[in-house]
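Novice: Chain by chain, the residues run as shown.
There are 2 protein chains.
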Amino acid sequence: MKRRSFLSGAGAGLVGVATFPVVVRSAFAQGDALPSWNDGPTKRSILEFIARTTTAGSPDWVSAAERIACFDNDGTLWTEQPMYFQVLFALDRIKAMAPQHPEWRTQEPFRSVLADDHAALAALGEKGLLQVIAASHAGLTTEAFHAIVLDWLATARHPRFKRPYTDLVFQPMLEVLALLRANGFKTYIVSGGGIEFMRPWTERVYGIPPEQVVGSSGVTRFEMKPDGVPVLVKEARIEFVDDGPGKPVGINHFIGRRPIFAFGNSDGDQQMLEWTAAGTGARFMGLVHHTDAAREYAYDRQSPVGRLDKAWDEAVRRKWTVVDMKSDWKVIYPFEPR
Amino acid sequence: MKRRSFLSGAGAGLVGVATFPVVVRSAFAQGDALPSWNDGPTKRSILEFIARTTTAGSPDWVSAAERIACFDNDGTLWTEQPMYFQVLFALDRIKAMAPQHPEWRTQEPFRSVLADDHAALAALGEKGLLQVIAASHAGLTTEAFHAIVLDWLATARHPRFKRPYTDLVFQPMLEVLALLRANGFKTYIVSGGGIEFMRPWTERVYGIPPEQVVGSSGVTRFEMKPDGVPVLVKEARIEFVDDGPGKPVGINHFIGRRPIFAFGNSDGDQQMLEWTAAGTGARFMGLVHHTDAAREYAYDRQSPVGRLDKAWDEAVRRKWTVVDMKSDWKVIYPFEPR
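These protein sequences, in sequence, are chains L and G. By this note's numbering, the letter at position 324 of the first sequence is numbered 331, and the numbering carries on one by one without gaps. By this note's numbering, the letter at position 305 of the second sequence is numbered 312, and the numbering carries on one by one without gaps.
Warning: the hint list may mix true and false statements.
Identical copies go unnamed one by one, so any copy, or any two together, can satisfy a pair.
[Said to hold, decoys possible] Pairs of lysine-lysine residues, derived as DSS-like cross-links and limited to a Cα-Cα distance of at most 30 angstroms, are as follows: (1) 169 to 326; (2) 232 to 326; (3) 317 to 232; (4) 317 to 102; (5) 169 to 232; (6) 337 to 317; (7) 232 to 333; (8) 337 to 102; (9) 317 to 169.
Read the hints as simulated data drawn from the structure, not as lab findings.
Start from the sequences, fold in the hints, and give me the full structure.
Specialist: What follows is the structure, encoded as structure tokens:
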């Protein structure tokens, strides 16, 4: 098996990652590991970080075991407008379940969902939305839920792009994920979204296996059915909210190592970036700034979804990498003509 | 890089695990992948399971991604007598902290700990012990706790064997771990013990990295210190008990895949084994039965620590593999003369 790195100067670093296979992607073979990124300081900051942490003899060299990279999902790896996709999934679920729940016609928050009362839903806030999500997922076995998620993704379409939601992933970030893995990094998702909502498809879409997905969760309970078959049943209670200060907690809980590379896009990622920055040695902290209303969306300080305000100020002050989507990304989605 | 398997018949299976390196261990080079196991049905059940799940063309072949193996820790990978080692650690911690806590002289459960009142401590039960543990760990940052664990392991000695606790790992199980990894399995610990207690040393001792350790946990909180350095602080509250029905819940939560191989030693492992058994395709369920009072300990149905009763009955009924430590293991500990 041939091992090559196409990141200039990083080849020698592979000595240190001999236990990892190097995925050779055709894009890298052209000599540009991030072909969907325009040249400039943003792209350079990513390439230089990977080169200096993986090149043998570099003062910033990091052992393969410590090459942990964490990515937020909503707004960082895929689109999160007009609303987090999992919320759209939960609303669809509640509508599908409504015939079995006549009481929902008068009971909040279900009344607002069934009436498409978006103002009332927005007023629920993030915690309220998580409750809608938890309620709409409860009572199912983990396996039944997994199947429902995949079925929804196969049939639901994004209101603006008229495509499956999993088409709306960011091609430039897919390239960053692949480049990191090609250089011995373990790539993780660390998302405020539900862990059971993401795991059925992250391996296919991002190359990230279920055991490398950290997220919010509801309580599940083990139950032995009368036929002797054990199941795990999802309950309506929220167990853990992997957002804001929950992100470093989730990283510590699931991974037990501090990442050296972290990418987010909103204030919910601020503490993950601070936690990453506070380690010793080389560090990469990045934020995606949504600046492209024509090709995707443009929003920041005032957005109820994916607000980027305090984290942006801190990024500027501490010289973290801030992606300007409009100028840094040649393409947004994989389906765009190249 | 040369890839070889020394498990008869499994060589061809490596086609399916081309993304994993094969660790060549000198022991395997002798042609016996489990040299500390006596020949017999127990050893054969392990070797045959690995061969048929990793040999290309075998009807039981399993893709590398699904080769998940879960091991209990206390009593399965290392000794758990005369008491779970983490409890001994917590008792030592409470004694070390006692001068700063004069109130503990009268306050339970601390009074019993300081008075070495073992009867009162035993009466606390598993949940009570977890509370002692949580209390003795609280208020520390995760990094300070990590250092305290390593310091204790470096200095504390087992009352009978007069050795560091990490010497008291089972050589035959180390061989099973290595053989599984050499055949593309990802090996996990799934323990009732504390996740933060295990992670500092499992990589060195078992070759299992922190992100593959599932265990019980206390709540941690993110805190930004006045100097701008963020820390994670351990609280006294128990978050999750990874024991009994908690084990399949923990497996689902941390890994998101059902194991195909699981090894335990007590009733606390029963649901993990049931959950493993309930998947489709080839499955391995194993229990270590402690039958060797001369070399280690002998205990089962009546033991307050590591009781093996209901899980044993189920193992016999369902023909799971039960290790008879005395007759199946040539050596128990790595330090024994070979």
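Novice: All hints, please: hold or fail.
Specialist: Hints and how they fare:
1. 169 to 326: neither (37 angstroms within a copy, 53 angstroms between copies)
2. 232 to 326: between (55 angstroms within a copy, 21 angstroms between copies)
3. 317 to 232: between (49 angstroms within a copy, 18 angstroms between copies)
4. 317 to 102: For residue 317 and residue 102, neither the intra-copy (36 angstroms) nor the inter-copy (44 angstroms) Cα distance is at most 30 angstroms.
5. 169 to 232: neither (41 angstroms within a copy, 47 angstroms between copies)
6. 337 to 317: This pair counts as within: shortest intra-copy Cα distance 27 angstroms, inter-copy 62 angstroms.
7. 232 to 333: For residue 232 and residue 333, the Cα distance exceeds 30 angstroms both inside one copy (54 angstroms) and across copies (36 angstroms).
8. 337 to 102: Close neither inside one copy (38 angstroms) nor across copies (62 angstroms); limit 30 angstroms.
9. 317 to 169: neither (33 angstroms within a copy, 55 angstroms between copies)
Violation of the numbered hints given earlier is confined to hints 1, 4, 5, 7, 8 and 9; the remaining hints are satisfied by the structure.
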